[in-house]
Structure formats: structure tokens, C-alpha cells
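**Q** Each chain is listed here by its residues.
2 protein chains.
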Amino acid sequence: MSKGNKTRAAILDHAGELATAVGLEGVTIGRLADDLSLSKSGLFAHFRSKEELQMQTIEHQRERFVNAVVRPVLSTPGGEARVRALFEQWMTWRKMNPGGCFFTAASFELDDRPGRPRDRLAQLQGEWLQSIAKVAESAVKRGEFRADTDPAQWASECYGIMLSYHLAEQLLKDSGAEARARRSFEDLVTRSRP
Amino acid sequence: MSKGNKTRAAILDHAGELATAVGLEGVTIGRLADDLSLSKSGLFAHFRSKEELQMQTIEHQRERFVNAVVRPVLSTPGGEARVRALFEQWMTWRKMNPGGCFFTAASFELDDRPGRPRDRLAQLQGEWLQSIAKVAESAVKRGEFRADTDPAQWASECYGIMLSYHLAEQLLKDSGAEARARRSFEDLVTRSRP
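Residue numbers (this note's numbering), protein chains in the order written: chain D, 173 to 366; chain C, 173 to 366.
Among these hints, one or two may not hold up.
Intra- or inter-copy, both count: the list cannot distinguish identical chains.
[Unchecked claim] Computed cross-link-like contacts, DSSO-like style, restricted to lysine-lysine with a CA-CA straight-line distance of at most 27 Å:
hint : residue 1 : residue 2
1    : 306       : 345
2    : 313       : 212
3    : 222       : 175
4    : 178       : 222
5    : 345       : 222
6    : 313       : 345
7    : 178       : 212
What the hints contain is simulated information worked out from the structure, not anything from laboratory work.
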């Protein structure tokens, strides 16, 4: 990575953390300049607008998620093994982000705020749900999950387990949250088997 | 209700809607004064600080939730009937709030922002999860749910269904979201039976 790219990545890393703490709406050029002791005009020259800064923050988090979750999952064999890899990498992602998951926070923040950031986030969340559904489908194709498994339904339930876990751990600081999420996931896998 | 109380309720109704749209952090005395064409000094005299305004916004939403969900649920007989009432009233609450559920949005917003609003919200969410667990327990006691049902686990899964539904409907505008949530809930009830 060039020095410019490293600086850009460091700025966007901080923007992502800031977004989970104060909301994507709080990620502004002025706030980043203050936090990172950078010149506001330099940041402005680079990002041009608050919206563009928010868009690049989303893309940067997307790259992090693809590297931490999507790639490792796709490198495992299909079927139940991949279903399990998906859950484990998602848990790892959760732990890589002690302030909370950027996408979860931003989804509930932006859901009724029209604009490009919302549209892009909805697109990415839709794609992620489809990816989960495809992974479940790969287990159906191998006969490891029942033939009547509805992949979209499966993805929605799997996502629900993660959201409930996020809330219990992040807001409630519930020490039993992870064990409960793991048990829910095991139950989901068990009842999906033929 | 006295005129003063009506005005206060109208202000806090708007504060709640604003919170789901721009975040609780965006609920400020200045913004409310602008939106409602009220004097800033009048609002300040009443709410004293942004934190106090946020606290009262939370309490006002709590009252709305108790009236819309908790009271009707507690007026039904215990057991599976009450479990079903809980889900139906929760869905009704969801529809009463087309901009999204205040508590869901605020939970993911405040989860890593220390302070009185976060503490109060965590307390209310913890109490709500306990209430769901108790309702499941009432079905266990009547022999309508299996004796080995773990009420906290049940509550966590039920909450996950609602969170996944909220995300699919509010962010993704997925027209199949409600049917999927209802199916997940029916599956949860069915597999809880002896």
C-alpha cells in the first residue's frame, strides 16, 4: 500500500468506528479532522462532501467484511461445513469490532433516511442475505439439509440469531449471549437436517 | 389530559419519531423548536438539557409500548394464547410506528455510548426480554410448551425473529418480510410443544 492509501485506510477505519459509536450521521469531515489532527481542507479536497465520505466509509467496511467473512467462507467446501464456517467467521467479525457491527448499527440508523448511503447499505444487506441463503442451499444440494428447506427463510432466521446476539452482548452486556447464540445456531442446523 | 400535558405528549411524540429517523442523538431542543415552531427558551425551561429531553423521550415511548403491547398481553390468559398475543401486539406496535421501532433503533444507536439514556434503554430492553421469557414460562407451566424449554433462550429467539423482520421490512422493503416472520414464529411455537 502506498502512503496515500495507508492514510486513506486509517481515516476510513476511524470513520467506521465513529459510525458505530455516534452513528454514520456523526461521521463528518470536521469531526474526522479534529479526531485525527488532520487539516479539514485536506480532508475536504479528498472526500468532497459528507455524503461521499459516508459512501467511502461503507465501501471500506464492505472490503473489511469481504476479507474477514466472505472470502474465508467461500474457500471452504460447500454444505454444512460452509454453513458452519459462515457462522464462525461472522462471530469472528463481531469480535473484530468491539464497538459493534458497522452494518447492523448503520442499517437501523439509515433505514428511514433516504439517500445514496441508505440505498447502498440496503443493497449490501440484501446481497449478504442472499449469500447466506446460497450457503444454506449448498447444504440442501448435498443432501445435508432437508430438500424442503427454504433458503430465504433459513437466512432470515440465521440473521435473527446474530441480531439478537448483538443486542444482548452490546447493549445488555449479557455474558450468556454468545452461548445462547451458539445454541440457537446449533438448533437451526439440527432441525435443517433430513 | 390538561393542555400542558397534551403539548408535552405532542412534543415527545415528535421526539420519538425524530429519534427513529435521525437517531436519538439528533433529538435536540433546537431541532424540536424548529420542527414544532415552539420557542427554544420555552422548551429549554421545560426539558433543561438534551440528556433530560432524551430521557423523557425514552419514558414516553415506554408508556406507549406498555399501553400498546404489555397491557393487552397481560390481559389474555397465560400459556400459548398469551405467547400468541405477545407476537400479535408486537406486530401491531411495529405497524403503529411506520418509521421503525424506537427501541430497536435506539438500542443499536446507543449500545456503545455510555450515559443515562443508554443505561435506561438497556434496563428496559432487559425487562422486555424477561417479560417474553415469563410468557414462554407460563406456557411451560400449563404443559403447552415442553418442560425443558429454556425461557431465556426462547425469548432470545423470539426477539431475533422480530429484529430480522424489522431489518427486512424497514431497510430492504422486502414484501415477504412479514410472512417470513410469521412462519418463523409458528415454527418456534410448534417446536416448543410437547
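**Q** Check the structure against each numbered hint from earlier and tell me which ones fail, lowest number first.
**A** 2, 6
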